[in-house]
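2 protein chains.
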Amino acid sequence: MIANTPQPPYYAVIFTSERTDEDSGYAEMAQKMLELAQKQPGILDVESAREELGITVSYWRNLDSIKHWKNNVDHIQAREKGRNTWYRKFKTRIALVESDYHFHNI
Amino acid sequence: MIANTPQPPYYAVIFTSERTDEDSGYAEMAQKMLELAQKQPGILDVESAREELGITVSYWRNLDSIKHWKNNVDHIQAREKGRNTWYRKFKTRIALVESDYHFHNI
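As you go down the protein sequences, you meet chains A and Z in turn.
With my numbering applied, the first sequence covers 1 to 106.
With my numbering applied, the second sequence covers 1001 to 1106.
Derived by calculation from the structure, the hints in this document are not laboratory data.
Some clues are possibly wrong.
[To be verified] Part of the chain A face toward chain Z, derived, beta carbon under 8 Å: (1) A3; (2) T16; (3) R19; (4) W69; (5) K81; (6) K91; (7) A95; (8) E98; (9) S99; (10) H104; (11) N105.
[Said to hold, decoys possible] Stretches of chain Z that chain A covers, calculated by requiring three or more beta carbons in the stretch to come under 8 Å of a beta carbon on chain A: (12) 1014-1025; (13) 1046-1053; (14) 1090-1100.
[To be verified] A short list of chain Z residues far from chain A (calculated; beta carbon distances all over 12 Å): (15) G1042; (16) I1043; (17) H1068; (18) N1071; (19) V1073; (20) H1104.
Every residue, glycine too, gets a C-beta built ideally from N, C-alpha and C.
Produce the complete structure using the sequences and hints provided.
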């Protein structure tokens, strides 16, 4: 689903990743982190797709809410496992959404 | 491939879409637009993944280069066909990337 976000400005965290071949517990952890992220203060919504590349964009009210999620203990542990096991490479970009427009074909 | 981008600041255009069931010419046009975008002045790189949702993030040097691409005649025609045929919904967000960090497991 296309993320439901308010009028800009708000923040986007663009997380782009290439996985290893190691699957142990990945899907469960990804789902758990998605659910946990959606309970955080300041979260707006999350979008995700994966082919060769995985792209997850989470939308946040402000930088403080992103920092708060970054310091979440369960999230720190998941990131540690991500670096050790599941991800070959990733890149995280923090971006201020300045404008948006949409189309809906009824 | 994870996009190759310089030190921030730079811009991201996050294009999120839900497709219709209509495939006529979509893959060819998507490929053509990707190649054309990568020749535009100010383009940095492009990342893309599709499952139920498609997410394409293109990275640009500044707002002027984004505007220049938005006004490209072939791109305007492709967007018109996109609205009429290929996309059920889409959302485009223009965002200023303020910071980034990466991980590479060697």
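Using 8 Å as the Cβ threshold, decide whether R19 (chain A) counts as touching chain Z.
-> violated, 11 Å
Is the Cβ of G1042 (chain Z) more than 12 Å away from each Cβ in chain A?
-> holds, 16 Å
Have a go at the A3 (chain A) hint: is there a Cβ in chain Z nearer than 8 Å to its own Cβ?
-> At about 7 Å, which falls below the 8 Å cut-off, the nearest Cβ of chain Z leaves the hint on A3 (chain A) intact, so it holds.
Going by Cβ atoms only, is E98 (chain A) closer than 8 Å to chain Z?
-> Hint on E98 (chain A): holds, closest Cβ of chain Z at ~6 Å, below 8 Å.
Grab the minimum C-beta distance from N105 (chain A) to chain Z and call the hint holds if it beats 8 Å, violated otherwise.
-> holds, 5 Å
Can we confirm that no CB of chain A comes within 12 Å of the CB of H1068 (chain Z)?
-> holds, 16 Å
Closer than 8 Å, Cβ to Cβ, for at least three residues: run that test on the stretch 1014-1025 of chain Z against chain A and report holds or violated.
-> holds (count 5)
Within the stretch 1046-1053 of chain Z, is the number of residues with a Cβ closer than 8 Å to a Cβ of chain A three or more?
-> That given contact holds, which follows from 7 residues of the stretch 1046-1053 of chain Z lying within Cβ reach (below 8 Å) of chain A.
No chain A beta carbon within 12 Å of H1104 (chain Z)'s | The assertion about H1104 (chain Z) is violated, with a minimum of 5 Å to chain A.
Status of the hint placing S99 (chain A) at chain Z (closest C-beta pair under 8 Å) = holds, 5 Å
Close enough to count: is the Cβ of W69 (chain A) nearer than 8 Å to one in chain Z?
-> Violated. Min distance 15 Å.
Status of the T16 (chain A) interface restraint (C-beta, 8 Å, chain Z) = holds, 5 Å
Consistency note: the structure conflicts with the earlier hints numbered 3, 4, 5, 20.
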